[in-house]
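Undergrad: In case you want the letters, here they are:
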Amino acid sequence: MKPAPFAYTKARSVEHAVELAGRDGEARILAGGQSLIATLNMRLSRPTLLVDINGLDGLDGLALKDGAVEIGALVRHAQAGRSDIIAKNAPLIAKAIPHIGHPAIRNRGTIGGSIAFADPAAELPACLVALGGEVVIAGGRGERTVKADDFFTGLFETELGSDDVLKAIRVPAANAATRIGFAELARRHGDYALVGLAAAARAEGDGLADIRLAYFGVGATPVRARKAEAELARGALDDAVAALADDLDPPDDVQETGAVKRHLAGVLLRRVAKQLMEGRQ
Amino acid sequence: MPHSRNIALTVNGERYEREVEVRLMLADFLRHHLGLTGTHLGCEHGVCGACTILLDGRSARSCLLLAVQCDGHDVMTVEGIAPSADALHPLQEAFRDHHGLQCGFCTPGMLTTLIEFLRENPDPTEEEVRIAISGNLCRCTGYQGIVAAALDAAKRMQAAPA
Chain E
1 MKPAPFAYTK ARSVEHAVEL AGRDGEARIL AGGQSLIATL NMRLSRPTLL
51 VDINGLDGLD GLALKDGAVE IGALVRHAQA GRSDIIAKNA PLIAKAIPHI
101 GHPAIRNRGT IGGSIAFADP AAELPACLVA LGGEVVIAGG RGERTVKADD
151 FFTGLFETEL GSDDVLKAIR VPAANAATRI GFAELARRHG DYALVGLAAA
201 ARAEGDGLAD IRLAYFGVGA TPVRARKAEA ELARGALDDA VAALADDLDP
251 PDDVQETGAV KRHLAGVLLR RVAKQLMEGR Q
Chain W
1 MPHSRNIALT VNGERYEREV EVRLMLADFL RHHLGLTGTH LGCEHGVCGA
51 CTILLDGRSA RSCLLLAVQC DGHDVMTVEG IAPSADALHP LQEAFRDHHG
101 LQCGFCTPGM LTTLIEFLRE NPDPTEEEVR IAISGNLCRC TGYQGIVAAA
151 LDAAKRMQAA PA
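Residue numbers (this note's numbering), protein chains in the order written: chain E, 1 to 281; chain W, 1 to 162.
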């Protein structure tokens, strides 16, 4: 018995989950539990109430709606990985999923949980930012939508308040001009990345436009490399790699120094730029 | 008991009803309440893979699941893999024949992970096997015997489907 004592309630609806979370300031939403329960076991987290949303209707849908792919919060990583809708319309997410943990983790872990937990070294938050997606949130004052660029506010910090429940994410559906790239460097397959890069762009003439480069593992949140994006849009790959010196300032961590991470970010940019260009017809 | 619940679930085909504290992990429930000590606990935070079981047929870490979350569900542990008390599953036979274990601590998680993997990938490559077990740590074998056993088990299972 590792976790400190807590009360446990299975929510009957999203509204019920919002109400329960709002009533108890130390409540946590339990989805896949692949991060939350580990922190409970280590007593890094001591909520007084767990609100279990597993099995709630309407949170495990996966659909193409109005030019966007909507992924319900409770869609498991493995389910998304097997989905034809994702493979066809959100290929960046399809490409990222095999890098998330291991099969047993992906069977339980949820898309909503990854986004809400907002681990700065995780794949999906960066994909959401690269795709310019948005997050649908149910809260005490009703439903609202927050753009990915505004959602991640700090280390494990997001726009989610204590009585908010993440309902779904939306990303623009891919079309013939969409180009995506993804690469990460990790010590072992399934580990959190030392550095990773999720990227999306639009093919235009001989080049790329609307390039969005979202790095993970280099700061407190997914980090857009905006100067590198501008250089890459000019077709200047070497200048884009050089611009990372301004865009990124990765802190040292237990795995690598910031200087090594910045170097690896350049290595990844060359790989991902190749993927973005190769996808062109 | 404070914060306790009644749960009913199926483990290895047998139905159990128990009262459990809500903070009890499935792994501890299996080991201490049901006496099914084949499921091993290593890191207890989802990294080592030793506690992997099958929940409704899909692999999951039993250290990252509350027992109450398994109410109404079907669990299979390493004890449920062999077809009978005096026969081994082809995957277990292959582990024995290829020295796929030394101390045996990681073995329950390796077997449950590979049961699901081989069901979905009946004819895997060596690289696919290595990625499949990348979430299961073994500190004895260097993985060579485990990979050889998994590849041989795939052949045996294709030759004689269960």
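Hints listed in this document are in silico derivations from the structure and should not be mistaken for laboratory results. Source: prediction; values computed, not measured. Honestly, I wouldn't trust all of these hints.
[Unchecked claim] Label-pair distances were calculated between CB atoms; the ranges are:
(1) E:155 to W:14: 43 to 51 Å
(2) E:246 to W:104: 52 to 60 Å
(3) E:186 to W:103: 24 to 32 Å
All C-beta atoms in this analysis are idealised placements derived from N, C-alpha and C, irrespective of residue type, glycine included.
Undergrad: Each hint should be assessed against the structure and marked as holding or not.
TA: Structure-based check of all given hints:
Checking the proposed 43 to 51 Å range against residue 155 of chain E and residue 14 of chain W shows it holds: the Cβ atoms sit about 46 Å from each other. A C-beta distance of roughly 53 Å is found between residue 246 of chain E and residue 104 of chain W, which places it inside the suggested range of 52 to 60 Å. Roughly 27 Å separates the CB atoms of residue 186 of chain E and residue 103 of chain W, a value that falls within the hinted 24 to 32 Å.
In summary, this structure violates none of the numbered hints.
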